[in-house]
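Undergrad: These are the residues of each chain, in order.
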Amino acid sequence: MAISLRYKVTKWKRLVSQASPLPVLVDSVKFVSVCSVRERKFRSAAAAALIAGASVLVAGGSVQAGAPPGLAPPAETAPAAGEVSDVQTLPILMVRQLRPARLPPLSLLDLPPKDEGLAGARLAVEDNNTTGRFLKQNFALELIESEDPAELIAETKKRVEGGIGFIVTDLDAKPTIELADALKGLDAVIFNASAPDENIREEDCRANLKHTAPSRTMLADALAQYLAWKRWGNWVLIIGPSPEDKGLAEAYRRAAQRFGMKVVEEREFKYDPGSRRSDGGFEQIQQQIPTFTQKLPPHDVLIVVDEGELFGDYFPYRTWDAKPVAGTAGLYPTSWHPAIELWGGTQFQNRFKRLAGRNMTPLDYNAWMAVRSIGEAATRKQSVERKTLIDYMLSPDFELAAFKGRKLTYRSWNGQLRQPVVLATGKMHVTVSPQPGFLHQFTELDTLGIDKPETKCRAYQK
Amino acid sequence: MTLLKSTAAIAVLSVTCLLAAGPATAGYKVFVSNEKENTISVIDSEKLEVVHTIKTGNRPRGIILSKDGKWVIVCTSDDNRMQVYDTETYKLVKDLPSGPDPELPILHTSGNPLYVSNEDDNLVTVVDIQKGTIITDIPVGVEPEGMGMSPDGKLLVNTSETTNMAHFITTDGFKNVENILVDNRPRVAEFKSDGSEVWVSAEIGGTVSVIDPAQKKVTHKITFEIQGITKDAIQPVGVRFNQDNSKAFVALGPANRVAVVDAKTYKVEKYILVGQRVWNLGFTPDFKLLFTTNGTSNDVTVIDVASEKPIKSIKTGRYPWGVVSGITPTKAADSGDAK
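Chains A and B, in that order, are what the protein sequence lines are.
The opening position of the first sequence corresponds to residue 53 in my numbering, with each subsequent residue numbered one higher.
The opening position of the second sequence corresponds to residue 298 in my numbering, with each subsequent residue numbered one higher.
Derived by calculation from the structure, the hints in this document are not laboratory data.
Hints are supplied without guarantee of correctness; some may be wrong.
[To be verified] Listed next, the in silico BS3-like pairs over lysine-lysine satisfying Cα-Cα at most 27 Å (straight line): (1) LYS367/B - LYS352/B; (2) LYS226/A - LYS236/A; (3) LYS188/A - LYS489/B; (4) LYS518/B - LYS567/B; (5) LYS564/B - LYS513/B; (6) LYS188/A - LYS472/B; (7) LYS479/A - LYS209/A; (8) LYS388/B - LYS489/B; (9) LYS433/A - LYS528/B; (10) LYS513/B - LYS561/B; (11) LYS314/A - LYS504/A; (12) LYS612/B - LYS352/B; (13) LYS405/A - LYS333/B; (14) LYS514/B - LYS433/A; (15) LYS166/A - LYS210/A; (16) LYS585/B - LYS612/B; (17) LYS479/A - LYS333/B; (18) LYS236/A - LYS439/A; (19) LYS513/B - LYS188/A; (20) LYS391/B - LYS333/B; (21) LYS347/A - LYS439/A; (22) LYS528/B - LYS504/A; (23) LYS364/B - LYS388/B; (24) LYS391/B - LYS188/A; (25) LYS364/B - LYS489/B; (26) LYS472/B - LYS528/B; (27) LYS226/A - LYS209/A; (28) LYS451/B - LYS472/B; (29) LYS433/A - LYS518/B; (30) LYS344/B - LYS367/B; (31) LYS508/A - LYS236/A; (32) LYS298/A - LYS508/A; (33) LYS433/A - LYS513/B.
In this text the structure is predicted, and so the values were computed from the model without any measurement.
Bound-form chain B, shown alone (with noise of 0.2 Å):
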């Protein structure tokens, strides 16, 4: 019943967002890793459909660009190294090194190095993305995941599934300045803009937990209900900010919705439903557009952030798990010829 009245209110939406929109949003392409399928969707903003599937290394995962936007840098976690491919004519660029099972990547603010977690050793590696060779190895806690850089460049943070910390690095240094205990099994860390607070989601333990960069404190927890799911349910994974630091987006996991946080109060203050198990979450540049990557349903929730509704769900491979948007707007339509 609840399924089919979101799906007709999810249908009326696009409709209304749609001629809502007026001129709409420059087309940007948004990249889309699909960890069971071996390749990334590219899906055109505008249109909002696939209009280009690129195959990949075994089990894509994290997914970033290169600063200029001209490369799209993924983790194929089962290959153990990262791939580059072109943000244009979509080719293989190169291999990156990486340690064993990487799958969280992060670039420094000036565009090089890039820093990636390897699951399965317990390090980050640091790896300059021009020259292709690895810098150093960073040791963390057990199961390095979730993967935030300080705005300005100087502080990186890493968090560790299974020692439940968030590790403050200095990237000048690569030095260990502290250990932060959050709640079971976190996921993500997120810097707001500003560089005033960095989130850390607890899929697990259910939470997410804002901490001050400055002090390295825990200073909020936030914590979600939703009525009729049950709190096992929602476990929190992506968070990004809107463009003034006003509001965050945390994906809730198996919850099926992404939870609008109003991040100067905490205050959660609704849930759009999305499709399931809705992991990372990417916005297009003009921070117009949300992306939710839904690895059960196999698709992803397009989410119009003006008025906070999702306005289409789009197909993707099997398993979508990473998204990032191009930096610039798409020249003209791609042909759609897949793979």
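Isolated chain A, as found in the complex (with noise of 0.2 Å):
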């Protein structure tokens, strides 16, 4: 599925750029008849059957969907005739900026898949649909990628104005803004599902943009409570010379505070990344990491603040003293871990890797629980009417189950998904914060993160 499914996208990127002066815009891409088609047909054929055979409870009445078949027509037969006009179709929108130019990773085993996060969302809408059919609902996914944020910013427009209501942005910061802005006062909502940039939560809130991705300080702070549970006090800080990494080393210095952790010296780690592949290189950084963290003043551990992970799995088992390592390499806080089994995920994971051919990724993980919120407002209210699903999404009976163990729920203030953050290394996970006895008056997800008497958004304040 997943083959014929990228041949679409290239073979469209081959008609588009034949035709036209702007070969990068992939045009949209319908996964309706794509998802439909189970990878087991015996599933699916069986699935359709039992639709069919269903009557299907509205709203409180029950509204009988035609007749009674056998056990399992074939799939494609069985959406039946009559039934197909009241079906109600949500199209959503997955907005994907490509950065050819990003550094590979340090480790072959971290080459991202190509369709990071796309095949969160294709999940998503299979989920969204199973349970759709029951309820005559149809989720419909489209595509549009290119390089170029500016492009993306006027299709999206574009297909707004032409009736879709919901995307789901693996976008930068900026052109995260950038889009919230040019979509202002259409009937539309964002879902910023890569971004982690405080800002964009913040003091360059939108009201239209709400985000599954968790942010930097969420993200600090679930390792600052795990590493003050552990009593591992006093912080190094290693530090990346991008902004991105600036904007984390402030919410990890925020996070210390917070919880009454102490960061006892910070080093900038100035690092030329030059090539990833090569036949040798361990040699040098042996020398170099030892070297680089000598003299440090008494300290626990060292938090490796590497956002574009360009150094940071250098220095596990190399630093000078022998000091566990966490933050963005060695034991590091994410929305999703592939090995994660708790609380059902191991079905998840199952789901995932049929349908994507590979682990899930927390970009996937991200653009699932997108696709997924939109899917469960669409349950919830019987309908697919964008202002309603949007209000309802926003309101405190809005309530999402995303294999965490809990409900998720999206902050009032500035429209963020909170979600329980995971701790893992690269095998498995840890731990998974908040930790026990961090106490808050209405909910604990609220420890994580920028809380609200805390925000300077104003844009959801109405």
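Since each chain comes alone in its own frame, lean on the hints to assemble the complex.
TA: Encoded structure:
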């Protein structure tokens, strides 16, 4: 399935590039038909039979759904003729910024999949449609991707004017805000699945922008709580040179203060990443990292702040002192990990692997949560009407089950999805924050990240 | 502080209740599946201790008895099958087929066939337990879980955890007749023994939906509130009705409590403190004792039903998941030879 999908995208690319002076823009790929054909024909056929044979309960009253068939007519014929007309379709647009200039990761194991994020959205569309079949709702995913944010914004606006109300983005922070501004006043809501930047949730927040990706302060607080629980109170920060690293370092400083930890020293790691794939390299790194970490004051843990993952993984086992490494390398905070089997996660991971043929990344998970939020709202409100769903998602009644052991809700003051944060190593999770004992008057999940009394977001105030 | 206090309370209670019980209930064998240990703990309901441990296949979860009480049937989820053990000899009788990742089985009221939810395949599998063959598969929503059987044997109710529905299926012809939306992550469907209601717990939603199976409508939604426990931690899973259907016991997961609900007014009467992450519940056949599986604390709590008080915690294997009680009293004390 993944292959056929990619083929479709490439084909479109070629078609567009032949016809248009703007070769990068990929036109819409409708996943409706792709997604409805399940891997195992038997399953989809059977599922379709169930729908056809079912009477569907709509908001308290039963609506009979046509003649009862036997157990398994073939999938293709099953969405019976008379029913098609009253199925409501809810289109969702995924907007992907291609970043060819981004450096590849240090480890060959971490090469980003071509459909990262997109595959998560596709799984959520499938999950939505399983429920949707019983409720006569159909979810369809459209995709646009480009290296040029301006193009993406212009195309998204066109689609929104054409009737799409729900957008999931894999964009950097700046274009995310620009997109939100471009859609101002239109009936549309954006789910940011990738950018962790604090400013787009705070001083630069927008009322039409929600975030399923955890913010930098949420991630930093999650790690800080565990280090506090471990009584590893003295931190050294190793900070990369990028603006993103500076933002993340600020989140760690804030977390230290918030949870009674101490940053005993900060060092900036200036480093030219150079080529990733080479025959040699470790010999020099083995010399460089101990030298770099010499003469640090007494500390419990080194926190590596390297959001681009350009050098962080050089630190574990190479530091001058025998100290654990955490942050963006070693023990790291994340919204998802492919080894999580907690809270029914096993079946979720299996479903994803069957669909995408690979492990689920945090970006996939964030996109899944965004599309499932839309599906959940449509299910509960029995509606595909944009305004109804957006209002519901912001109301205290909205809740999302997302394999995190508790319901997830959106913060009413800045549209950030509250969520437990996993602390993991490359292989598996170590713990999940919030940690026991970090209490809150409303929900412990608000001990992670900027809380209501501290927020600088005003766009959500009515 | 509270923990200390409650432990003390349990200790005191256990003494008083044992004294008050007079001629003790006949000892039943209570079977507890231990998800992470790959064992079944056999508890004597009179001695209130583990008398035997059965080594099973991988990841034992849903556990039931055959109608004659001679077999205990357990889903060994990671082996993608079920296993049948003799309740007297504890020997493996045979394996039964299922779909991938079987989770909860239920028997037809006649004793055969068996219906099992396969969490990883959006299917309920119907199995002839005598012949050991699959009769058919019934398609349902994403992550099928809870299984309820109407007392007249005509209706099967399956819940799907990610579709958030209770699917009503006829046992005659396996026709899906209704799909009722409930709150997030439905785990267990339980009929009253008079067939008048089926209750569906929603783990993430934090509610129990009362469904009228005749009209196929949600008639009431039960919510829970416990002082000092955040709403997120109140996660209903196991539901059991007492003998005359006047009361329901609802296990509340990480809230570490079992709620006692008036099954006519739907008012929550009290919360019984048990072990950690309480999921499933099982009565002894005389309905005098209720066993709760406490996953995170590796024990079961024994609740005296008459007084609605916990009387003892019994250490089991790791991550106890399901529980079912034997139907006939034990004849003689077991030797206690583990494994």
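Undergrad: In ascending order, which of the hints set out earlier in this document are inconsistent with the structure?
TA: Violated hints: 3, 7, 8, 21, 24, 26; rest satisfied.
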